[in-house]
Structure formats: C-alpha cells, structure tokens
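K.L.:
As you go down the protein sequences, you meet chains A and B in turn. So for the first sequence, our numbering puts the first residue at 1; every next one is plus one. So for the second sequence, our numbering puts the first residue at 541; every next one is plus one.
These aren't lab readings, by the way, just hints derived from the structure by calculation. Do not rely on the hints blindly, as some may be mistaken.
Covered, in the sense of this in silico footprint (three residues per stretch, anywhere, with C-beta under 8 Å from a C-beta of chain A), are these stretches of chain B [unchecked claim]:
| no. | stretch |
| --- | --- |
| 1 | 553-563 |
| 2 | 569-582 |
| 3 | 586-598 |
| 4 | 719-732 |
| 5 | 738-744 |
Everything numeric in this text was worked out from a predicted model, so none of it was measured. The beta-carbon is built from N, C-alpha and C at its ideal position, and this holds for glycine as well.
Okay, here's what each chain looks like letter by letter:
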Amino acid sequence: MLANRKLILAHFWFAFALFGVALTLGAWQMFIRSPIGTWLSNPELYYRSLTAHGTVMGYVFPTLVAMGFGYAISESALEQRLVGVRWAWTGFWLIVVGSVMAVIPIALGRASVLYTFYPPLIGNVFYYLGVVLVVVGSWIWVALMSINLRVWRRAHPGAPVPLAMFANVAGSYLWAWTAVGAALELLLQIIPVAAGLKNTIDAGLARIFFSWTLHAIVYFWLMPTYIAYYTIVPRAIGGRVYSDTMARISFILFLVVAMPIGMHHTFADPQVGAGFKFIHSAFTALVALPTLLTVFTICASVEIAARLRGGRGLFGWIRALPWDNPMMLALAFSFVMLGFGGAGGLINMSYQLDASIHNTQWITGHFHLIFGGAIVIIYFAIAYDLWPHLTGRELIDMRLIRTQLWLWFIGMIVTTFPWHWVGILGMPRRMAYFDFGDPAIAPQALSVILSVIGGFILLTSGILFLVILARGMRAPQADAGAYRFALAVHQPTIVPVALNTHALWVALMIVLTITNYGYPILNLATSAGTSVPAVYVGAQ
Amino acid sequence: MSTRDLFTFRNRHFTIGVGITAAILIVTAVAGFVVLPFAQPWARFTSIWDAICSAAGVPQRTTSVAAQAQDKRLSEVVLTSRTLSRPSQEAIGRGATLAQRCAICHGPTGISRADSPNLAGQYAAVIYKELHDFRSGARSNAVMSPFAVNLTDDEIADLSNYYAYLPRPPAYHPTPLLPKPNIVIYGAPLRGIAPCGACHGSLDNKTGSPWLEGQSEAYMKAQLQAFASDERRNDISQQMRNIARALTPQEIEAAAAYYASQPPDVVKAVD
Chain A
1 MLANRKLILA
11 HFWFAFALFG
21 VALTLGAWQM
31 FIRSPIGTWL
41 SNPELYYRSL
51 TAHGTVMGYV
61 FPTLVAMGFG
71 YAISESALEQ
81 RLVGVRWAWT
91 GFWLIVVGSV
101 MAVIPIALGR
111 ASVLYTFYPP
121 LIGNVFYYLG
131 VVLVVVGSWI
141 WVALMSINLR
151 VWRRAHPGAP
161 VPLAMFANVA
171 GSYLWAWTAV
181 GAALELLLQI
191 IPVAAGLKNT
201 IDAGLARIFF
211 SWTLHAIVYF
221 WLMPTYIAYY
231 TIVPRAIGGR
241 VYSDTMARIS
251 FILFLVVAMP
261 IGMHHTFADP
271 QVGAGFKFIH
281 SAFTALVALP
291 TLLTVFTICA
301 SVEIAARLRG
311 GRGLFGWIRA
321 LPWDNPMMLA
331 LAFSFVMLGF
341 GGAGGLINMS
351 YQLDASIHNT
361 QWITGHFHLI
371 FGGAIVIIYF
381 AIAYDLWPHL
391 TGRELIDMRL
401 IRTQLWLWFI
411 GMIVTTFPWH
421 WVGILGMPRR
431 MAYFDFGDPA
441 IAPQALSVIL
451 SVIGGFILLT
461 SGILFLVILA
471 RGMRAPQADA
481 GAYRFALAVH
491 QPTIVPVALN
501 THALWVALMI
511 VLTITNYGYP
521 ILNLATSAGT
531 SVPAVYVGAQ
Chain B
541 MSTRDLFTFR
551 NRHFTIGVGI
561 TAAILIVTAV
571 AGFVVLPFAQ
581 PWARFTSIWD
591 AICSAAGVPQ
601 RTTSVAAQAQ
611 DKRLSEVVLT
621 SRTLSRPSQE
631 AIGRGATLAQ
641 RCAICHGPTG
651 ISRADSPNLA
661 GQYAAVIYKE
671 LHDFRSGARS
681 NAVMSPFAVN
691 LTDDEIADLS
701 NYYAYLPRPP
711 AYHPTPLLPK
721 PNIVIYGAPL
731 RGIAPCGACH
741 GSLDNKTGSP
751 WLEGQSEAYM
761 KAQLQAFASD
771 ERRNDISQQM
781 RNIARALTPQ
791 EIEAAAAYYA
801 SQPPDVVKAV
811 D
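Start from the sequences and build out the full structure, keeping to the hints where you can.
P.N.:
This is the structure we're talking about:
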C-alpha cells in the first residue's frame with residue numbers, strides 16, 4: 001500500500017544518480033594516484049574530486065536512501081497514508097537545492113576542504129550552506145517519521161509498533177541528534193569565518209564537534225541495512241524473525257551507545273584529555289554488542305528459513321538456503337564484509353592499536369568495507385525489493401541482479417583488502433600521489449594496483465545497478481501486491497512500554513552525550529588562545 | 541502505559557536501562573580518570589584531583605619549566621580580508637610617490653635590473669608582508685632594512701597596492717623555456733616536499749606566496765639557500781625552511797632556473 005510512490009522514487013533516483021557520479025570520481029581517484037596513472041600535476045584536482053565524492057557519499061546518498069526507505073516503511077508498515085506529504089516534498093527539494101549549492105563551489109575548486117571540513121581550511125560559504133540545507137531537509141523527514149508514528153499510535157492505543165517503523169523512527173532520532181554536532185560546528189564556527197565575519201577558528205573544538213557527528217552518522221547509514229536484515233530478509237527468503245524483542249533491543253542499543261563514542265576519531269588529538277578518550281573507547285567497544293546480537297538473530301532467522309525448506313544437520317541447512325535469491329546473496333555478502341570490517345573496527349577503537357594505523361589507508365579501507373560494502377550492498381537489495389512496488393513493473397533479469405551483487409562484493413574485497421594492507425605498511429591517507437619509484441614504497445605498488453582493479457569492478461557493478469533500475473522502469477507492468485515485512489516467530493501482542501517507545505532511550509542518548517562531550521566542549525570553548533588563523537581555499 | 545509510567549523506578553526496564561548505563565559510565569570514568577593515570581610509569585600526581593584534571597584535559601601550566609625565550613624575531617603580520625581591499629586611486633598614487641626611493645634597485649617601473657625581485661604586478665599581500673617583516677626585523681637585509689624601518693602601516697599598504705597595480709613585466713627573458721622540473725610540479729612526496737607550483741604559481745597560488753615567474757635566478761637561489769641555512773626566518777610555521785632544508789642543491793638550481801625562464805604573463809590570474 002504505497003500511496004506516495006513518486007515521492008519515494010524521487011528520493012531513490014536522486015540518491016542513485018549522485019551515487020553513480022561519486023562512484024566514477026572514486027574510481028578515477030584510485031587510478032590517478034596509483035602506479036598505473038601518471039602523477040596528477042595539480043593535486044588540487046584530486047582534493048576537489050575527493051570532496052565531491054565524500055560529500056555525496058557521506059551526506060546526500062545515504063540520507064536520501066534512509067528518507068525514501070523511511071517513507072516506504074511508514075506507509076507500508078503502519079498501513080496508513082503518509083501524513084505531511086507536502087512537507088516531505090519540501091524536504092526533498094531542500095536536499096536537491098542543497099546538493100547543487102554545495103557541488104558548484106566544489107567543482108569550481110572553491111571548497112576543496114573534504115567532506116570532513118577540516119578547519120582551519122575554509123571553503124566557499126555556499127558549500128557549507130548547501131550541506132546545512134541537506135541536513136535541514138533531512139530533519140523534516142525526522143519530524144515526519146515521528147508525527148506519522150504518533151498519528152498511528154492515537155489510532156492504535158497500546159498496540160505494538162511494527163518493528164520496521166520502530167527501528168525507522170529510532171534511526172531518525174539518532175540522525176536528528178548526531179547531526180547537531182556538525183550543525184554546531186558549521187553554524188557557530190565555520191560559516192561565520194567563511195562569510196568573512198571572523199578570521200580565526202578553534203580547529204580543535206571544531207574537530208570535537210565533528211566527531212560528535214562522525215561516528216554516529218555511520219550508524220545512521222547502517223539503520224536501513226539493519227532494518228532490512230530484520231524485516232525484509234526473512235520474508236524474502238521464506239523465514240521468520242527469530243526474536244522481535246531482540247531486534248528492538250538492538251535498535252535501542254544503537255540509539256544509546258552509537259552517540260557518545262566519536263572521540264575515538266581524535267585519539268591523536270592533543271586537545272582532548274586521555275580520560276575522555278578512554279571512556280569513548282570503552283563505549284565504542286559496547287557498540288559491537290547490538291551488531292553481535294543482530295548477527296545472532298539473523299543467522300537464527302535464516303536457519304529457520306532453511307529448515308522450513310527441508311535443510312538438515314548441524315551445518316547442512318546452509319545448502320538448503322535460496323542462494324539464487326538476490327536478498328539471500330546480498331545478506332551473505334553483507335555479513336562477510338561486516339565481519340571483516342567489524343574486526344578492523346575493533347582495532348581502530350583500541351587506543352594503542354589505533355596508533356599504528358591512525359591516518360593511514362587502513363582507515364580508508366575500513367570505512368569503505370563497512371559502508372560501501374556491508375551497508376550499500378543492502379541498499380541495492382532494498383532498491384531491488386521495493387522497485388516492483390514503486391514502479392508497478394517487474395524486475396525480470398534476476399541473473400543480472402545476482403551478477404551485480406557478486407561484482408560489488410568481489411570489487412569491494414579486492415579494493416579494500418590491499419588498502420588495509422598498505423595501511424599497515426604505513427601508507428598515509430588523503431595523498432594525491434605517491435612516488436612508487438622510491439625503493440621505500442615500491443613494494444606497495446602491487447597492492448595499490450590490485451585495489452585500483454577492485455575500484456573499476458565496483459564502477460562496473462554500480463553502472464549495472466543503475467541499468468537494472470532504469471530497465472525496471474520500462475519492464476512489463478505487473479501487480480506486486482502490498483509491500484510486507486517479515487513476521488516474527490512469536491509476533492508481539494503486548495510489548496513493554498520501554499520497548500514500544502523511544503523516550504527513555506533518547507533521554508539516555510542525550511545524557512550520555514552530555515557526560516561524554518560536555519566537559520571537553522566547555523573546556524575548549526572557554527579556553528583563551530585556542531583559535532588559529534583560517535586558511536581560505538582558493539583565496540589570494 | 542504512558543510515559544509517566546516509563547520514567548519511574550517501578551518500571552523494570554527503566555531501572556535496568558538507567559542502572560546499567562550509569563554503572564558502565566562510572567566504571568569507565570573511574571578507570572579512565574583515576575586508575576589509568578596512576579598506572580602510567582611517568583605519573584607524578586599530587587592528588588587524585590590532580591590526576592582527574594590531567595585526564596580531563598584541563599590546560600595546565602608547569603611553573604618549574606620556564607618558557608624558552610625567543611631570541612629571534614618571527615613574522616607578526618596579520619592579513620585579514622579587509623587589510624588591502626579596494627585601494628583608492630589616491631592610495632595608489634601615494635604608493636607611486638613613495639616607490640621612487642625603491643626604484644634604484646627594483647627599477648622605476650618595478651622591473652629590476654639588479655637581481656632584486658621584480659615588484660611590478662606582484663600580489664599586494666606579498667609586498668605588504670615582506671615590508672612589515674623588514675620593518676620588524678623578522679627579515680633583515682643590509683640594503684632593504686634601512687628603507688623599511690621608517691615606513692608607517694599606511695605607507696606599506698600604499699606601496700603594496702601601487703606595485704600590485706602595475707602591469708606585470710613583459711616576457712623579455714632570452715633563455716628558452718625550460719621543461720617543468722619535477723620539484724615544481726610534483727614536489728617530492730616521500731620527503732614531504734609539496735610542489736613549488738602549488739603555492740607559487742604554475743599550479744595554484746596561496747595567500748602570501750609571491751609569483752616567481754621571470755624573477756632573478758640568482759635571487760631565488762640565494763633565498764632558498766638562506767631558508768635552508770636558517771638565515772632567513774620570516775616564513776610562517778617554518779614552511780619554506782622545512783622545504784628548503786629537504787631540497788637537494790640540484791633541485792634548488794632546477795627550481796630557480798625554471799621559474800627565472802618563465803614569462804610572467806603566464807602567471808595564473810587568480811586575483
């Protein structure tokens with residue numbers, strides 16, 4: 001029962017079109033700084049491209065996917081028409097305008113500051129305003145998700161909120177609060193300097209504000225994927241969710257512990273006290289918990305499907321799974337990448353281990369494996385699953401879909417494994433080129449070439465993805481029926497209020513943010529002499 | 541159940557949720573602020589409060605170590621977006637009058653015939669900074685320093701605007717155009733040297749960096765050597781000194797010869 005198909009399709013198409021552009025830039029970046037490309041005589045072009053790649057892939061693409069998917073969940077899981085459709089379109093257009101506004105200064109070379117902003121580098125003010133518009137547009141979505149749930153609750157007092165919507169709203173609250181860090185950095189610090197009202201900036205404080213956003217944003221990117229794990233995969237492969245309660249607890253845990261952990265990005269920053277670094281490190285370790293719970297629950301749910309299909313034995317059931325089903329394939333690939341990426345993440349969050357890979361290509365490899373791999377491959381699966389319901393047409397070529405998913409998986413492994421390796425060898429991140437002729441790093445050339453090949457496999461897969469979706473717009477019409485979510489083994493009839501509402505967990509999230517960020521921010525904000533002169537990009 | 545029933549210790553979920561969160565926070569805080577600071581072999585804390593403040597990152601000044609006295613002057617130039625904005629015609633005229641005393645070395649039209657820098661068309665910010673540094677002593681030169689020492693702030697701004705206003709020298713250098721050396725275009729990534737062209741033209745220009753095309757080869761070489769030997773110290777955060785120290789003599793020759801052979805009219809116009 002998707003009434004606002006155009007709205008959802010608009011979000012998805014704009015997201016995927018920008019994704020295609022950013023993916024192409026990414027492949028070019030890998031090529032140009034590898035031993036097979038000639039050195040780029042103007043490194044600024046590399047940083048320009050890197051800024052565009054990061055801004056699109058970090059801010060615009062996942063936000064739009066989460067929004068489009070969120071609207072679809074709201075309409076189908078709650079079985080009620082979306083309230084506030086006009087506002088939803090307003091949010092969408094704000095994001096479109098914001099994206100264009102941000103991309104123009106980047107293309108002109110006036111905002112090559114990377115998507116992480118890196119003050120005291122200061123780019124053109126319109127770049128930052130564009131990012132702000134994107135965030136404001138997404139906040140409209142947050143409000144709409146909350147309002148739609150409230151409308152549903154009024155009509156269904158005391159009833160358990162469908163899991164998909166419960167998780168979706170948890171994700172939206174997480175985003176609303178985590179975006180506040182970057183918003184404070186932009187509004188209080190960067191934009192006044194970019195607009196020429198100030199000439200100095202406290203770069204250390206800005207980094208703390210950004211770390212507030214930077215880690216929990218990853219869990220916001222992750223939310224659609226986890227929602228799909230729990231509520232789409234079991235249905236698509238003919239199983240049931242092993243435990244609805246476990247699912248709710250996982251999402252609640254993400255809400256509480258995804259936020260107060262961002263300072264593990266600032267382990268090498270001298271302006272942060274070691275005590276706070278330790279607390280953030282410990283809480284980062286905790287965030288592995290909901291992921292482990294999820295892996296357990298989903299493996300159990302998948303086993304249910306396999307046994308329903310006649311699977312036998314301790315591991316023999318694995319063969320009985322529907323491996324030709326794209327959703328099954330995507331889930332398996334996603335778990336493999338999540339496993340490796342998660343293991344790497346445990347190294348990043350440990351203060352001592354981090355020292356050996358901090359600011360190296362290991363980090364780039366890590367977040368591409370987790371986000372580009374484990375998360376985005378499920379975005380593809382979500383799009384494939386929703387497409388027939390959005391277009392009213394069938395996706396016919398399952399083989400092509402499987403090929404696309406295989407290519408993405410292979411491409412991501414081939415790209416990121418050598419990246420991790422050269423990171424351990426000490427190759428720094430964010431370099432426009434390397435002198436592979438020097439004996440010191442000549443042995444790394446082979447690994448870098450391998451990852452370039454992976455990059456082009458990814459590009460091929462990305463193009464295939466867009467082709468499949470475009471062909472799906474012109475396929476023969478077919479009624480896909482109502483869009484449904486997976487049922488649990490024990491469908492909830494009564495859910496305790498704590499697991500049916502978000503208030504307690506949002507409160508804990510805010511309290512932990514205050515305990516873990518309050519003093520460091522206050523300390524830096526009130527210390528004199530912590531600001532440095534701004535460095536304006538492209539200024540003369 | 542309403543939210544009133546949620547936020548109460550009678551609600552098991554509330555008690556457990558808040559309890560576990562608080563317990564983890566307290567345990568990690570005790571470990572991070574008390575146990576671990578004292579576990580450091582170098583720890584010399586006078587009290588627990590001292591350890592907590594240290595772990596929290598409270599800025600501390602140790603009185604036992606005196607701050608190192610700075611015997612050499614550093615550049616103190618502050619350039620804001622309003623410092624040199626929109627010079628009036630009168631200001632440029634005043635600059636022209638003042639510039640007559642510079643003509644003996646820098647040429648009556650800002651084009652030198654004495655291995656001094658050509659100033660015609662140089663960025664205003666560059667001249668502004670160098671004159672300030674000569675005046676303050678951050679940069680010194682037997683000929684130049686006495687000229688700068690009596691200039692006022694306004695006179696420095698007028699001179700900067702006047703020279704920036706002059707047309708750049710025409711391409712008169714007889715040497716054939718040399719190919720771009722690697723050091724100018726790529727730098728040396730493994731020695732941490734950024735390309736010369738990333739700040740000084742050919743690729744990009746950064747605020748405060750002069751364009752170098754058509755400048756005297758002998759002058760540029762001498763300046764690079766002065767940076768390398770720490771004789772010249774008015775670069776911000778040692779950026780030129782760090783580069784010059786890492787350059788080989790051949791690279792210094794190549795960069796100076798290349799920029800000297802380039803016609804100034806190819807300077808990338810970014811202003």
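K.L.:
Each hint: holds or not?
P.N.:
Verification of the supplied hints:
no. : hint    : result
1   : 553-563 : holds (count 5)
2   : 569-582 : holds (count 6)
3   : 586-598 : holds (count 6)
4   : 719-732 : holds (count 6)
5   : 738-744 : holds (count 3)
Violated hints for the displayed structure: none, as all numbered hints are satisfied.
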